[in-house]
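Visitor: Read top to bottom, the protein sequences are chains D and Y.
With the numbering used here, letter number 87 in the first sequence gets 87, and the count goes up by one each step, no holes.
With the numbering used here, letter number 96 in the second sequence gets 96, and the count goes up by one each step, no holes.
I should point out that these hints are in silico values taken from the structure, not numbers from a laboratory.
Heads up, simulated DSS-like pairs for lysine-lysine below, C-alpha to C-alpha not over 30 Å straight-line:
| hint | chain 1 | residue 1 | chain 2 | residue 2 |
| --- | --- | --- | --- | --- |
| 1 | D | K27 | Y | K27 |
| 2 | D | K40 | Y | K27 |
| 3 | D | K27 | Y | K48 |
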Amino acid sequence: METLRIEGSSKTPDVNFDPEKGVVEIKGRSIPENSIEFYKPLIDWLNEYSEKPQTSTEVNIQLEYFNTSSSKCILDLFKKMEQINEADNSNIKINWYYESDDEDMLEAGEDYDAIIKIPFKMIELEDED
Amino acid sequence: MIDTHYFYKKMSKGNILLSFKGNIEPKLLSSILDIMEKKLTNINEPSKIKKKIYNVLVECLQNLYHHIGSTSVIDVNQEKLEENEKSAIFMVGKDDDCYKIFTGNQIPTDDVEGLKLKIDKVNTLNKTDLKSYYQDILNNGEMSLKGGGGLGLIDIARKSGNKLNYSFQKLDDEISFFTLEIKISLN
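This is chain D alone, in the form it adopts within the complex (with noise of 0.2 Å):
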């Protein structure tokens, strides 16, 4: 199965799903009008990588913004994440980045970790002021 990169725009994330390393990132902001649209490649991505993934797999997400359209595709994301986990088929880690004075990134973490029965691995970056 292929590699699924998206560069990354003024509303879109960057994304890089790869398959031979087992490793899933979205990295940048994520404030497009319409979400499910966007999402789609990427959850058709992990169907098929559900399938055949590696033993175990390392999700890194690290968003600047995101609106509440794309909220509920992310928690998509980590929907299926969690099916892969939970049928024993990988060994999932969830990496939640946020830059230490954005408590509302935190925040936004800390509601996906309450509903996803993976737990989150909170990661601090460093101001970039």
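Go by the hints and put chain Y onto chain D.
Guide: Then chain Y, alone, in the frame of chain D:
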């Protein structure tokens, strides 16, 4: 009630970062967000505050974009609506101890009661309850085709950390004007 005259005076003193009235189109939204982002990099506030302002602005503008001109508008007054249905106003201003974002748009008078209930509910919740409410809607709420599935106002309230001020002005039986004021405190 929102004191627009007060803000008008503030605006004359140059405390408005951005104001806009007109049609809300995707390309325009992108331009506005670009302008606002550039303006925010130049203001002397902690990045935490800048991020909040940008985040809330994104949510407000996309709310306007998704809800303006919704098809539930009755066609009795078609002519009047065609002219105005996609038109909205918004402003971002700075007060002594906070930033304020105002949005104003027409909505069907029939939708006033439902929207009012929604905002009132959000306003009764404290920080912890808002968090649970958000998680509940995120996890169990129906995803609308528009995307947000009712999370927008909850998210705005959470990020703002203040009660949402609003007003409805009935223009006629079909159309009302909805104003929302969001306050982002500086400390």
